[in-house]
Structure formats: C-alpha cells, structure tokens
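Chemist: Line by line, the protein sequences give chains A and B. Each residue of the first sequence is one higher than the one before, starting from 1 at the first, in my numbering. Each residue of the second sequence is one higher than the one before, starting from 1 at the first, in my numbering.
In short, the hints are calculated from the structure, not lab data. Accuracy of the hints is not assured; some may be wrong.
[What the hints assert, rightly or not] Each pair of labels, with its calculated beta carbon distance range:
| hint | chain 1 | residue 1 | chain 2 | residue 2 | range |
| --- | --- | --- | --- | --- | --- |
| 1 | B | Ala-15 | A | Val-417 | 47 to 55 Å |
| 2 | A | Gly-213 | B | Ile-65 | 32 to 40 Å |
| 3 | B | Arg-31 | A | Asp-219 | 24 to 32 Å |
Just so we're clear, the structure is a prediction, and the values are computed from it rather than from any experiment. Glycine included, every Cβ here is placed at the ideal spot set by N, Cα and C.
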Amino acid sequence: MPGPGPEVAAVLAVFLTPLAAGLGPLVAKTFLPSGPGVGRAARIATSACTVLGLLAPPAALVRLYPSVAGGGSVAFVLGLPSPLAISYLLDGPAWLACALIAAAALGAGLHGLSAGGHPPVFWFFYLLAVSALYSCVLTADLFNLFVSLELLALCSYVLIAYKRTSASLWASFSYLVTSTAAVVFYLLGLYVVYGYAGTLSMPDAAAAIRSLGPVPPRDLRTALGFLTVALGVRSAFAPFHAWLPEAHAAAPHPVSALLSGATLAAGYFALGRISSLVDVPALREGLRFAGVLTALTGGIFAIAQGDAKRLLAWSSVGHAGFCLAAFGSGSFAAGALHALAHGAAKALLFLSVGSAADAAGSRDLSLLRGRAGLGPSLGILVGTASLAGLPPLAGWGTKALTLNSAGAGVAGAILTVASVLSAAAVFRLLPILGPFRIPAGSESVDPGGTPPSADASGQPGRARDAAALLLGLLPLAAVCVAGGLPRVLSAGSALASPGSGAPGAPEFGLAALGKTLTTAASGAVLAILAGSRRGRRILGTWERRGTGADAALRLVLAGAALFALLGLP
Amino acid sequence: MSLLEFVSRINPVAASGAVLVLVGVWGVLARPNLFKIAIATSVMETGVNLVILSTGYIRGRTAPILDSAVAGTATDAAGAAARMTDPVPQALVLTAIVIGLAVTALQLSYAVRLRAAGGGSSIESYGDEKW
Numbered sequence: 001m002p003g004p005g006p007e008v009a010a011v012l013a014v015f016l017t018p019l020a021a022g023l024g025p026l027v028a029k030t031f032l033p034s035g036p037g038v039g040r041a042a043r044i045a046t047s048a049c050t051v052l053g054l055l056a057p058p059a060a061l062v063r064l065y066p067s068v069a070g071g072g073s074v075a076f077v078l079g080l081p082s083p084l085a086i087s088y089l090l091d092g093p094a095w096l097a098c099a100l101i102a103a104a105a106l107g108a109g110l111h112g113l114s115a116g117g118h119p120p121v122f123w124f125f126y127l128l129a130v131s132a133l134y135s136c137v138l139t140a141d142l143f144n145l146f147v148s149l150e151l152l153a154l155c156s157y158v159l160i161a162y163k164r165t166s167a168s169l170w171a172s173f174s175y176l177v178t179s180t181a182a183v184v185f186y187l188l189g190l191y192v193v194y195g196y197a198g199t200l201s202m203p204d205a206a207a208a209i210r211s212l213g214p215v216p217p218r219d220l221r222t223a224l225g226f227l228t229v230a231l232g233v234r235s236a237f238a239p240f241h242a243w244l245p246e247a248h249a250a251a252p253h254p255v256s257a258l259l260s261g262a263t264l265a266a267g268y269f270a271l272g273r274i275s276s277l278v279d280v281p282a283l284r285e286g287l288r289f290a291g292v293l294t295a296l297t298g299g300i301f302a303i304a305q306g307d308a309k310r311l312l313a314w315s316s317v318g319h320a321g322f323c324l325a326a327f328g329s330g331s332f333a334a335g336a337l338h339a340l341a342h343g344a345a346k347a348l349l350f351l352s353v354g355s356a357a358d359a360a361g362s363r364d365l366s367l368l369r370g371r372a373g374l375g376p377s378l379g380i381l382v383g384t385a386s387l388a389g390l391p392p393l394a395g396w397g398t399k400a401l402t403l404n405s406a407g408a409g410v411a412g413a414i415l416t417v418a419s420v421l422s423a424a425a426v427f428r429l430l431p432i433l434g435p436f437r438i439p440a441g442s443e444s445v446d447p448g449g450t451p452p453s454a455d456a457s458g459q460p461g462r463a464r465d466a467a468a469l470l471l472g473l474l475p476l477a478a479v480c481v482a483g484g485l486p487r488v489l490s491a492g493s494a495l496a497s498p499g500s501g502a503p504g505a506p507e508f509g510l511a512a513l514g515k516t517l518t519t520a521a522s523g524a525v526l527a528i529l530a531g532s533r534r535g536r537r538i539l540g541t542w543e544r545r546g547t548g549a550d551a552a553l554r555l556v557l558a559g560a561a562l563f564a565l566l567g568l569p
Numbered sequence: 001m002s003l004l005e006f007v008s009r010i011n012p013v014a015a016s017g018a019v020l021v022l023v024g025v026w027g028v029l030a031r032p033n034l035f036k037i038a039i040a041t042s043v044m045e046t047g048v049n050l051v052i053l054s055t056g057y058i059r060g061r062t063a064p065i066l067d068s069a070v071a072g073t074a075t076d077a078a079g080a081a082a083r084m085t086d087p088v089p090q091a092l093v094l095t096a097i098v099i100g101l102a103v104t105a106l107q108l109s110y111a112v113r114l115r116a117a118g119g120g121s122s123i124e125s126y127g128d129e130k131w
C-alpha cells in the first residue's frame, strides 16, 4: 500500500468533513448566545458549518469520479497494520450511493436551514448522521459497518424524536427496540464469520471463506442470514419494515427526507457488500420472495393512507421491495439504480409535501388540497412522475430495469401489480398541487396557521425564503431529471456493476412506452377510486394495521429465525 | 459420547451467553412494560457480548497483555502470542458495550418521557396516537 495519496485523502474527506463540521453547531451552541430572539451569530455559524459539511463531500466525490469510472476502485486501510486495520473501499456502487447521500443530505439540509426552526444541536445530529451514512457505504470492515450502523441509528432515534411529541417519541422508541433486537443478530453473525475467517475485513474474509471449499459451512450460511436481518431493518423490507411508516411520518421533514432518501439506499448497498462474503442461493431466493412481498405490501398500505407523510413512508417500503426483488433475482445493479432514483424522488417529495403540510398545519391529504406553493408544487410534480415511472424521469428507466430483471413468472406479474399500486399511491398526492400563484390572503394567515410546535422565530422576507426552499429542492429535482437521460442511466449501470456485464439498457421502444402508459393510467384510476369517499371508507380500516412496536418486534424475530433457517439446507 | 463428556466440551462463556440471549428475547417478546423491554434488550446484548468473547476464550491461556511474564518463557513474539487469548473479540466487545450503553440510556429516557407525557408504561397503551 503506498502512502495516503490524494485519492485516499478525498475519500477521507467524504465521510470526515460532515463529522468535523458537526462540531461547529455544538461550539456555536456552547459559546455563542442562542435561544429565540437572540442568537443570530449562533444561527449564522450553524448554517455556515452545516452548508460546508454538506458541500465538501460532493466536491470530493466529483474529484474521485475518474478513479471509479471504468471499474476502478480506491481501497485503503486505517490504523494498525493489515489484518487488524479498518479497511475502506470506494468502488462504483459505493460512489453512486455516496452521490445519492450527498444529494439527499444537501437538499434536505438546505431546505431545513431555509425553513428555520431547528436549533444548533439538531444540525449536529444531522451532520453526524450524514457522516455515518457515508461511512456505512464506504467501509469494507464488518465491525466498522456495525459501528456506523449504530451511529446512524442513534442519530436517527434522536432526530426522529426531536420535536418530542408523544407520537414521535413512540415512533422513535419502536424503531429503537426493533433495530436493537436486529443488531444483536448482526453481532452473532459477525462472531461466526470472525470465528471462521479470522479477520473482519470483508474482502479478506470472503477470500478466506472461499478457501474453505466450494460449499460454505452451514454456520456461515446461517451467519449471513443473521447479518442480513440487521441490514433488513435499515433497508426496511418485509418482515423488517413495520417500524418505518410511523418513524418516517413523525420525523421532522428534513429527517424524513434523509431517512427515506438515503438510509434505505445505504442499507441496500451495504447488503450488496455483505452478500459477497458467502454465496447462499437459498437466502438469495428468500430475499427475492421478501422483495416481491414487500413491494406488494408497501403498495397496498400506501394507497390506504390518509396522512400524506405516512403515505410516502409506505411507498418507500414498497420501493425497497422493488430493489430487493431485483437483488434477489441476481441483478444488484438494477436494484441499486432503482434505489438511487427512488431516494432522490422520495427525498424531494418529503420536502415538498412537508412544506405544504407546514403551510396547511396538517398532514391530512383532504386538508392539504391545493396548499403547496410554487416550489413545492414543482417538487411534487417531478417526484411523483419519477416514482410513478413516467417517461423522461429517472424512475422510468430504473423501474423498467427492476421489472425486467425479475423475469416474467409469478414474481414479475406481482411486481407489475405492485408498480401500478405504487403509482396510484403517489398519484394521490397530486391534489396537493397549489394554484400556481401565491394568494395574498393565505400568506398573512401562514404564520398563525402553523401548528404550535413550529418555531416562533419566523424570519421576515418570505420571498427570500421561498427562493431558498426552491434551492433545497433543486439538487434533488436535478437528480430525478438527469437520471432519466439514457447516457446518465448507462453510465450509472456501468458504475453499479463493475467487472460483470451491466444490465442491458431497457428498450425504450413503443411497446415499453405503451406498458408505462398503461401502468400510469391504471394507477391514476386506482388513485381516483381510492381518494373517493367510499374508497376512503373501505381503505381506512387497514390504514394503521401492523405498525405497533410489539408487532414490529415479533416480525423481526420471526424473520430472523426464517433467514437463519434459509441457510440450513 | 457420555453426558459428562458432552458437558465438559461446552464452552461455559458461550453457553451462558446463549442463555442470556434467550432470556432477553423472551423478555422483549413477552413483557409489555417499556422499562422491562429496555432491560431485556440490554440482557440480550450482554449475552451476545459473552458469545463473542467466547471466540477469544481458550482454556489455559493468559490475558492478552504482552509483558515480561508472558514473553519470559517464550522465545519470540509469536510464541508469546500463542500463550494469550485472542484480543480482537475483547476489543470488539468493549466497543459494543459502549454503544449498547448509549442505546439503553436513550431507550430508558424515551420510556421516561413517554410516561411523563401521560402514556402508560405498557406497550399496549400506544400505537393509536393521533398525529
């Protein structure tokens, strides 16, 4: 290993700058006068540090692109000599995941900063979570992955419950219990892998396990199942999804955007890295089944929701299922690209819907009708179109890729139904679209109309705020639009599958267009039916089913037993 | 293999860890009280820590501290290392304990806040919060 070159320094900068910048808000809170009314200096220092910590990683990533394009990678170790060191690996998929994290974190961060109302400590936890996210996808060390996951989880618990309402505390508690139970299984799996391989570095452990023979020992296959459980809770596929809808709905908007946009995708990429350790065909088949099931469950529950943010959260579950189904069918790249497209669109939607919900003082879809301003409306339009898989946007190509990779059998048919459902669910958001002008009357109502939990220090200059909100939405909308370009899509799939053949670009012919339009049209019809009074009455009965903490725990433990059993045959 | 032989082969550290994990799983599933759930997860984590520690637990070896008492009889570092238990699991468990402490503290503080906000201590009294 040569000394730390510029590439290594750039990779370090990706996950260490947010961490370092996170100290800024803490110092500002401690040493500068803060609180409502005063604390202008603290606010400026916090904003400056946050923006710096969020802008540095994308800059480093741009610098690193030539190193990973064409199947290259940057690998290095930190700390002690090789067998004990913590190894990091930036390859094509990791670069893509970092790019998504950068876009989601920047968009959500700028949006949250311009909306105001979050104290410095919030931004400290936010930057810490962003740093942990980068670390999750960059690390190639099993134990470091555990530490990153736990750091990310701890920050998420705090951020979700930041408003300290009883609902958000409860959502955070049930996430905490679920995730802690799952992490126990991760440690058990790690113990078995370490026992066999004698190392925690993933590439070295994979090599050591391969040298054990063509068929890995049974313990190791079970261990992989255990490792998958913990990552399953992060990437939220059935049966590990039950904590997500409440948690993502109760969180502050930037946190929802970061969690739904980046965390699910980070879990998916980490899963891809973990599964290179041991090849377990039965487990892969199980994941495919779980993915199809998740896509269907997510779609059905999303369409039944009356709460805009909970609808988005359930739709995230559904899309996690699409990614996992592609992964289980052997096409990691297709799932990865869909995770990226979904992440960008979902972060955009959470921010836009969040703005509208703040303006309306409610998250109820029926009360949100026409409450989005110009910026949020554009965001909702782009995000919805991308998630529904409409042509010029990112979701179009990646959804076609995942459906292609799942094949034509029963799984393919169920996924097609699920894609209609997921399109219908996001179409239910369209009535939020505002009257594309700012009515003079509603503007003066806004500050009083916001819920009492919102911060009282509303700043003057609402036009400037609107521009700043738009600035937060732009990076995400740009990803959604750019991801639809055939050139970007093929570059992405080349990055996502270094070495092996990229998933063939989907044929964008007339037949594919017809299929897309049929899906969208049936989705629209379903959305109208589901939004009608009778539809609401029928769907409302299962709106909140199966999302309590006890249900989530039982599902996780049952799922863990199931995944362990998959390794046995 | 006789029963006595079987018992003598069991690694006591791993076995007690496994028992603790099972107790923790039972507690998490069967106890509705938020505080007891927090304690059960903590017990579960302790069990896993013991299981991990058991990979480094080898009978007849010393603690992994390389000093003159260990190195004295051995001729080289490798010989001394062969007389010690594996230090890596101990380092891992140390980290896991610290993280587990943070998680348990947060969990208990949430339970306290939920109680203080007027909810009960039972898991069944939640889940239909109005947003």
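Chemist: All hints, please: hold or fail.
Modeler: Okay, the hints, checked on the actual structure:
| no. | hint | verdict |
| --- | --- | --- |
| 1 | B:Ala-15 with A:Val-417: 47 to 55 Å | 49 Å, holds |
| 2 | A:Gly-213 with B:Ile-65: 32 to 40 Å | 36 Å, holds |
| 3 | B:Arg-31 with A:Asp-219: 24 to 32 Å | 31 Å, holds |
This entry satisfies every hint, going by the numbered hints stated previously.
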